[in-house]
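*Asks:* Residue numbers (the working numbering), protein chains in the order written: chain A, 1 to 273; chain B, 1001 to 1298.
Everything labelled a hint here was simulated from the structure, so no lab data went into it. There may be inaccurate statements among the hints.
[Claimed, not checked] Computed footprint of chain B on chain A, listed as stretches where at least three residues anywhere in the stretch have a Cβ under 8 Å from a Cβ of chain B:
| hint | segment |
| --- | --- |
| 1 | 37-50 |
| 2 | 165-174 |
[As the list claims (entries may be wrong)] The calculated DMTMM-like cross-link candidates involving lysine to aspartate or glutamate, where the alpha carbons are at most 20 Å apart (straight line), are:
| hint | chain 1 | residue 1 | chain 2 | residue 2 |
| --- | --- | --- | --- | --- |
| 3 | B | 1012 | A | 260 |
| 4 | A | 159 | B | 1011 |
| 5 | B | 1012 | A | 166 |
Please read all numbers here as calculations on a predicted model, not as lab measurements. No residue lacks a Cβ here, since even glycine has one placed at the ideal position from N, Cα and C.
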Amino acid sequence: MRTVQNTVKYILALFWLFVTGFPLFFIFMSSLKGMMEYFTSSVWALPEEFQFGNYLQVFQAGFHKYFFNSLIVTSIAVFIVAISASMAANAIARFRFRYSNLVYSLFLAGMMIPMHITLIPVYNMTRQLGLYDSLAGLIGPYVSYSLPVSIFIFVGFIKEIPIELEEAAVVDGANRYQIYWHVILPVIKPAISTVVIYNMVMLWNEFVYALVLLSSPSKWILTLGLWNFRGEYGIHIPLVMAGLVLSVLPLIIAYVFFHEQIIKGMTAGSVKG
Amino acid sequence: MNKLKQLLRSDKVAAFVFLAPALFFFGLYMIAPVPMSTYYSLHRWSGIGEKIYIGLQNWGELIKDPIFWLSFKNNLKLVVVSIGTQLPVALLLAVFLSSKTTRLAGLFKTIYFIPLLFSSVAIGVMWRYIYDTNFGLVNVFLRNVGLFSWAKDWLGDPKLALYSVMVAINWRFIPFYMILFLAAIVAIPEELFEAAMIDGAKGIQVFRHITLPMLRPTIINAAVLSLVGALKFFDIIFAMTGGGPHHASELMATYMYKRSFVDFRMGYGSTVAVAIFLIAMVLSLAFLRFTRRSSELD
Chain A
1 MRTVQNTVKY ILALFWLFVT GFPLFFIFMS SLKGMMEYFT SSVWALPEEF
51 QFGNYLQVFQ AGFHKYFFNS LIVTSIAVFI VAISASMAAN AIARFRFRYS
101 NLVYSLFLAG MMIPMHITLI PVYNMTRQLG LYDSLAGLIG PYVSYSLPVS
151 IFIFVGFIKE IPIELEEAAV VDGANRYQIY WHVILPVIKP AISTVVIYNM
201 VMLWNEFVYA LVLLSSPSKW ILTLGLWNFR GEYGIHIPLV MAGLVLSVLP
251 LIIAYVFFHE QIIKGMTAGS VKG
Chain B
1001 MNKLKQLLRS DKVAAFVFLA PALFFFGLYM IAPVPMSTYY SLHRWSGIGE
1051 KIYIGLQNWG ELIKDPIFWL SFKNNLKLVV VSIGTQLPVA LLLAVFLSSK
1101 TTRLAGLFKT IYFIPLLFSS VAIGVMWRYI YDTNFGLVNV FLRNVGLFSW
1151 AKDWLGDPKL ALYSVMVAIN WRFIPFYMIL FLAAIVAIPE ELFEAAMIDG
1201 AKGIQVFRHI TLPMLRPTII NAAVLSLVGA LKFFDIIFAM TGGGPHHASE
1251 LMATYMYKRS FVDFRMGYGS TVAVAIFLIA MVLSLAFLRF TRRSSELD
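Take the sequences, apply the hints, and build the full model.
*Replies:* What follows is the structure, given as structure tokens:
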């Protein structure tokens, strides 16, 4: 009985390893094949000659620009999220005011709101603000999209801080603002790194707002660039595969170093259903 | 000056100052759009120029719109398949990863996790090549093992398209629920397992009487996430089939996008968006109610 169970477990585990691993192997190998070779060689075959030039070509086709755009937008948005979410969480977790719970539930409800209901108003607003087709136009939606989970993570963390720390600061004559800056912020550093890294990953992969709010190629972020790249170079499949690998690679590297924070962010966002 | 200082020191004012930046972004981009979309849904509007008030005409059209109801049905199928396949497989994988007998668990976990790092566009692009009729992985594999008649036009056949896309969606989301369950399993106190072992419980009994009951809240949460996620689902389908062929894999959200940003019928698009919002709210509240009642009965 024991062995039967173990066998079933292993078969499933190996099956899923294949289901996940083989497509990854397939895109990586295909990205190093020649255009014609892709059609003629077996999907199981290694490239006859590693065509690293594919990657160079992808970069020259504009990916360096999309890459840079993604980096700028996600960095600025995540910076604003870290500051504004930690401030809001500080107020929610520590201050006594009448609507504290209401405000918190409002933020948490944001996790459940289907983003499509925001699409047309955001599009319209962005146009009216003169931010349509600019990277700046993505910041607002990205920040608001990231706030609920971030506030949730910060509130949980701040509530765990012993209140004595803040009381000591009050005795020393510190006010709310000084306490936030000198006591809270240094203590919540681990939460800040979770929020920053997790949101970086999420926003790096964002697509819908970019699709609706950007139009000219010089403004495209990576997801939008990859999407249009497939349309343009669809026939040169190895090239598209190379673009695909390039778009995921930074996150795989990030995962190697920061998997703890990424997983924490993912599970935190889901505890509150 | 002193008065200002005193004012800033009061909790109420400080609370406002601390909440202001987050409330600004959240109010503008997440909360305000809900009533705004509702307002737009009462108008005929191309996105640029005048909005013409037409009352409930859009809503009347929605109720009689066969494509909307077709996409609603597709969303429901996605709900059933998501909850019915993603959660059980994810649970089994999580149990496997948590068992200490497997030394390779770390490596398995890392590889299982990678799909979660893919953007939906990357997944869409990748799976289009996997499903390609002539050169795709699936059909090549089937032909290699001699199953020639099994090779299909996976994304082009209206009967298959939706289910083909669901496979890609599962590929992306099973690892997500796996991570959730794994975190919950690891959090179960070790003593519970030990006590069960002492009582003579084995593998599947431990799972049924310890792991499963302890995971109940996590499973309910996961089911709600899966439900809401499937009702508002958009991007992988958009990137793989665009809702086609002939609306065969159309979802409410892809339909909303087409009406709004392809046909530029922003009023009607808003109507679809508000409908998605209402449906997601009603069904998730009903689901929570249902699970709460059934746990009271236990």
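*Asks:* If a hint holds in the structure, say so; if it does not, say that too.
*Replies:* Hints versus structure:
1. 37-50: holds (count 4)
2. 165-174: With 0 residues closer than 8 Å to chain B, the segment 165-174 of chain A misses the three-residue bar; violated.
3. 1012/B to 260/A: 37 Å, violated
4. 159/A to 1011/B: 17 Å, holds
5. 1012/B to 166/A: 18 Å, holds
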